[in-house]
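Residue numbers (my numbering), protein chains in the order written: chain A, 1 to 309; chain B, 1001 to 1309.
Note that these hints are calculated values from the structure, not bench results. We put the CB at the ideal spot given by N, CA and C, even for glycine. Treat the hints with care, as some may be off.
[To be verified] Lysine to any residue pairs mimicking SDA-like chemistry, simulated, CA-CA at most 25 Å apart: (1) A:121 <-> B:1235; (2) B:1106 <-> A:130; (3) A:13 <-> B:1130; (4) A:151 <-> B:1133; (5) B:1010 <-> A:124; (6) A:211 <-> A:186; (7) B:1049 <-> A:125; (8) A:13 <-> B:1278; (9) B:1129 <-> A:273; (10) B:1127 <-> A:211; (11) B:1010 <-> A:118; (12) A:47 <-> B:1265; (13) B:1106 <-> A:146; (14) A:121 <-> B:1265; (15) A:127 <-> B:1007; (16) B:1129 <-> A:215; (17) B:1129 <-> A:125; (18) B:1243 <-> A:151; (19) A:127 <-> A:265; (20) A:127 <-> B:1243; (21) A:10 <-> B:1155; (22) A:150 <-> B:1150; (23) B:1151 <-> A:215; (24) A:106 <-> B:1007; (25) B:1021 <-> B:1278; (26) A:215 <-> A:234; (27) A:266 <-> B:1273; (28) B:1235 <-> B:1252; (29) A:150 <-> B:1147.
[Unchecked claim] Stretches of chain B that chain A covers, calculated by requiring three or more beta carbons in the stretch to come under 8 Å of a beta carbon on chain A: (30) 1022-1030; (31) 1082-1089; (32) 1167-1175; (33) 1197-1204; (34) 1253-1259.
Number of protein chains: 2
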Amino acid sequence: MSIAVIYDNKDPKPWVDALSKHLPVEKIEIYPNIEEYSKVEFVLAWKAKKDDFLKFPNLKAIQSLGASVDHIFSIFEVPENVQVARIVDFRLADDMWEFVLSIILKEMKNISQFRVDQTNKLWRPTKYKHITEISVGILGAGEIGMHVAKKLAAIGFNVSVWSRNRKFEDGIASYCGSEELEIFLSKLDYLVDILPFTKATYHLIDYNFLKKLKKNAFLINVGRGEQVVDEDLIKCLDEGHIKGALLDVFHIEPLPVSHPYWKHPKVQITPHIASITNIESSILQISENFNRMKTGKPLLNLANQKTSF
Amino acid sequence: MSIAVIYDNKDPKPWVDALSKHLPVEKIEIYPNIEEYSKVEFVLAWKAKKDDFLKFPNLKAIQSLGASVDHIFSIFEVPENVQVARIVDFRLADDMWEFVLSIILKEMKNISQFRVDQTNKLWRPTKYKHITEISVGILGAGEIGMHVAKKLAAIGFNVSVWSRNRKFEDGIASYCGSEELEIFLSKLDYLVDILPFTKATYHLIDYNFLKKLKKNAFLINVGRGEQVVDEDLIKCLDEGHIKGALLDVFHIEPLPVSHPYWKHPKVQITPHIASITNIESSILQISENFNRMKTGKPLLNLANQKTSF
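Given the sequences, and given the hints that come with them, work out the whole structure.
Right, dumping it as structure tokens:
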């Protein structure tokens, strides 16, 4: 039996090293350098390609190397006897809250404008809003979304969430379903997309959706690029309805150099860094999952096609 | 009897309007358009010039239009029968914490670097630190400094303060006096200057002081420009000892266009906006102080030459 690591476009060595430490007797191979595909029962995967998983005839478990599992379900019809697990890491949720907070504060306090003023040697004090005057809406109230919502509310932001099911959490307004989307969007200064990628969320953020936002709202996308119709967002920015957007995720990553986002004056790009899976804090649940698979137990943090949102 | 408003370089009208509402029967004059100087007993002041106060022979009280009073004490030998009050406004302290937090987070998360990368169409994910890994030191533990310290500690930063007297506050390390300055400075990732301007703090932040900071520390000055020896800071930045500086306050404001800070690649300038006195939330204590002066009572938020730090 062996373990395979599929880690698209990135260096798998740190993962392999950490795994070897925790599972010293197991054979760990890096895809596509697999000696015998039939011996692999456990695959660690991040953004495998279509048909990659089909090559493993005795696959029993797929461990996503992040919080999301859409990169597995969207390309692979997972058989019933194959378990899929995602990483649940307090660090991922904390990363997300720290990142979202930094973007909101930077916008609120006009920091970018002062930077431009500095290059022109312009001394122009401007007024700004206070945390208690700002409404933030979180799209998606899963573990990460609710963590961000609670943390933002704790320091004084007016926070609401939109999700499939009603949430009951002190100090956070809960909206659910399409019938409550309009009222949710109409009051926001900042909309933060933390939705997972599912069929229901694909291209959810289109022109009609964006027009429901209050004029001059700001979009932060740390969910998935596939949720945004890029041309529609650009249209809303150009029409002056949306004030600006911070995008950390894209349909194709790295974002192709020809994409109009790069040069759009109202778009800020970060290279998918809002939250990064931390090897140290997640390696234990992975090695535990390997042992569970070996002994036929259900994995930790199981995911299925219907999970979340 | 009348009230005079001295408000250098700024528009005094919003203050006059707000005061008129709260003290509708009083005569309010804007300096230097004063009908009879001998009738003025109460002066609202922000950055008066040397000798301005001397013109009012019957002055009984000076109300600073901000949290600081150095702009009064540094130019005027205040007679014993003249009370000086400063504004204590929860908004000022909240502004300060929000501003300091936005700067620290923006630096921590490499947001400026991503902005530069975007102009070059570069997709370069970089690792960053988490809030719990960051040490922030606050110079000055008065009302505002301690508020900032407590708020930063509450969201997970490692916070220490340096002040004249020992502070006892859960979760905040307290250092005091010159003998504990070196150990305080040696551990910081971010040093935040929130000191008031006194004789003791003038040019406190010089080359020797800055060299005591850990290599690659970041300086945020939201205290007073007079505390920093500009050439020494520039030297430490150029030598690579200090990573960068965000300066909101300067020896002369607006910062003269010839000052090297404007074009220094490691200096970020904001135009003294870290905290701005809020008229709505401070007008009540000012009108109350006027009534106290009239009835011979001690003013709220009294200040004296030895105040704070």
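Which numbered hints fail: 8, 10, 12, 16, 17, 18, 20, 21, 23, 24, 30, 31, 32, 33
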